[in-house]
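Trainee: The primary structure of each chain is shown beneath.
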Amino acid sequence: MNRLLNRSLKKLLVYAAIVLCCSIPVYYFIFSTLLQYELNEHNIILTEKAGREDSYLIIAMVTILTVLFSSLLLVGLVLLNRRLSRKLWRPFYDSLAKIKGFDLNRHQTVDFEPTDIAEFAELNANLDKLITSSISAYSQQKKFTENASHELQTPLAIMQSKLDLFLQEKNLSPHQYQLIRELSAAVARTSRVNKNLLMLAKIDNKQFEQQEMIDLSMLLKDIIDLLREHINDKSIILETNITDGISITGNKVLVEVLLQNLLFNAYRHNWNGGELLIHLDATGIIIANSGKEELDTTQLFKRFASTSGGGTGLGLAIVQEICTSLGWSVRYAFENRKHYFYVHFT
Amino acid sequence: MKILIIEDERELVNSITEYLSGEQYLCELAASYNEGMDKMSQYSYDCIVLDLMLPDGNGLKILEELKRRGKEDGVIIVSAKDSLEDRLKGLTIGADDYLSKPFHLSELAARIYAVIRRRQLGSQNIIHQGEITIDVPSRTVAVNGHEVVLTRREFDLLVYFISNKNKVVSKNAIAEHLSGDFADMLDSYDFIYGHIKNLKKKLSEFGADNYLKTIYGAGYKWEV
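Top line first, the protein sequences correspond to chains A and B.
Using UniProt numbering, read the first sequence as starting at 1 and increasing by one per residue.
Using UniProt numbering, read the second sequence as starting at 1 and increasing by one per residue.
No wet-lab data here; the hints were simulated from the structure.
Every value quoted in this text rests on a predicted model; they were computed, and no experiment measured them.
Do not rely on the hints blindly, as some may be mistaken.
Only pairs whose alpha carbons sit at most 25 Å apart, straight line, appear in this in silico PhoX-like list of lysine-lysine [said to hold, decoys possible]: (1) K200/B with K221/B; (2) K201/B with K234/A; (3) K162/A with K195/A; (4) K165/B with K170/A.
Next comes chain B alone, as it looks inside the complex:
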């Protein structure tokens, strides 16, 4: 899958590329507004990661141009400006998601995964992971054909881990994923233990392998 990263901070681009490249993603870079505009108009991507504040122009213009051309690329805005107006503007023009800096790479990966699948598969968005089948639009999970009833949190966690396959995901990244901005204000991430414990228990009850490994002192890893 092809991803275009339009971002002028070289180091951030390197990190994103390195994180995403291990999996099925192929990343292309554009370090400026003009370069981004060129690549966007010449090629098609599964997803575009778009920074708004570029040295030679506003990233929103690239989004506008993309929509004007009727292109189907998914767009995730990544911005240092966490302003509501920008967020609304971006989403109104047609961005699929908005992520404010700083963010965890696992969060970006999860958003990219979700955007691509939503755009390409629509209602057929079903994830197969060995004996686990996840129907994303209807938010149902089955193991070996048996339906497993998960809470909203447990479901979110499952999809989050699968979109970060074979990656160590830290506890604070998980807390931020579950609680959004509120994670900032919680002084302990203990609440995620409970959810993860329950998720593991429910999946193994129906005979699913133990994919979710605890990395002591670091976080969790969905290993396949």
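Excised from the complex, chain A in its bound form:
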């Protein structure tokens, strides 16, 4: 790719070179005609040899002079152009650098340096307009998700309450009970998706900024305790290897949701009598569960990529968002017929 300045200069130089080269025969023609005229006027006749020498001389002189002046001209032109354009285009490169450093996520507008060149001032003004409207559209979109999720909770609450009332009706048939149960499950699932969307919106909107010291070992054990009953019900073989006293700084809600999502996934997508491994040390967390085949790694952490087994399709997307916001990383691998999730505190 050519830079703007080099490109214009190159054209200019080529043009100058062509003009100067073409000027050599013209000079020669004019000089020799003049010389011939003068010689004729004063009745001087040159020998053929002297005439040839003269024309060689003229050609040599003209060429030397042309080359000399043209190089002077070109060098001057290059230097002048470089200096001038550097000054002239500086506001442009300035703006360019600022746009490069712009991040929509940071919600920061860009302050362009004032310039007295009309074109650049106009460019900056329009860039400014574009950026401001992008930021506002972006934050509106985020707010929208949050508001929509909130607004949906109330109608869902109404649906749930009507179903609870319906259940109290006398003489309902088993089929009607089944319908109520299925409707209830759908309402619960909608509400769950909604809550997860809200969670993602809040992470995006950086509403979990509060930081504190968290005893990760303790928190992990607490969550395992909540699950223990269900793990036993499913006869899952639980193997834990938790180093005590691992503490990190972060938002407690986020860390809790992260651990819950990973652990509950490992429980839910396990089979009766399967294995569940939980490992924690100073470098990270490993959670693994028995599985049949490798999951699609390209889709795994995407929103709504997989909604298997009544899940919301958002659990792992939330895991990844939380890891990113904590500065951690999460990786999936399928080894020895087990799904492994590695979380690294880096």
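Given chain A, work out where chain B should sit, using these hints.
Mentor: Chain B alone, transformed into the frame defined by chain A:
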């Protein structure tokens, strides 16, 4: 017992009222912040069910005002906003409980029952149900004077059923009551069968009537 429901969603209010009215509860409604503030300051209630997002104001202000006046009404916040800050704020100001929407009516009934009894009876909070005596603060149960040792889950279930007397309680409502938010992530509610089976067995061992009926395909009902 008098309950004030401060909530602007008419349909939700109707459901709550209908569910609670069959029992010993008398429900009054306030559909706005101002109306809620008026009723709260003029009368006394055993329990106030308070929505935070009202069209003309924030429900938390009503709670603050109630506490400022030193009133003893129990308060359960019901909010569409399931945010930790709101929950903490509400509980710090002095709400007795916090329930996020959507919820099961049986869950709300259980919370109201618990709040009222805790506030009014304190350490004397003992439930008598025929031959069954439940000492809530010390979490002990006796049938015909014999102590029955229940697990934490079984005890919770017993109180939950009694606070929803004569109502059909669905299995997912029970699962949510026992596991809270985790119920969402469990794909089967089978685990509640075991607890209920054990509870029934333990109670009948000491000669308690079979109050707890299984409603096939729907859930359970504590019938008296």
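Trainee: Now, for every hint given, state plainly whether the structure supports it.
Mentor: Now for the hints, and whether the structure bears them out:
{"no.": "1", "hint": "K200/B with K221/B", "in the structure": "holds (12 Å)"}
{"no.": "2", "hint": "K201/B with K234/A", "in the structure": "holds (23 Å)"}
{"no.": "3", "hint": "K162/A with K195/A", "in the structure": "holds (21 Å)"}
{"no.": "4", "hint": "K165/B with K170/A", "in the structure": "holds (15 Å)"}
In summary, the structure agrees with every hint in the numbered list given earlier.
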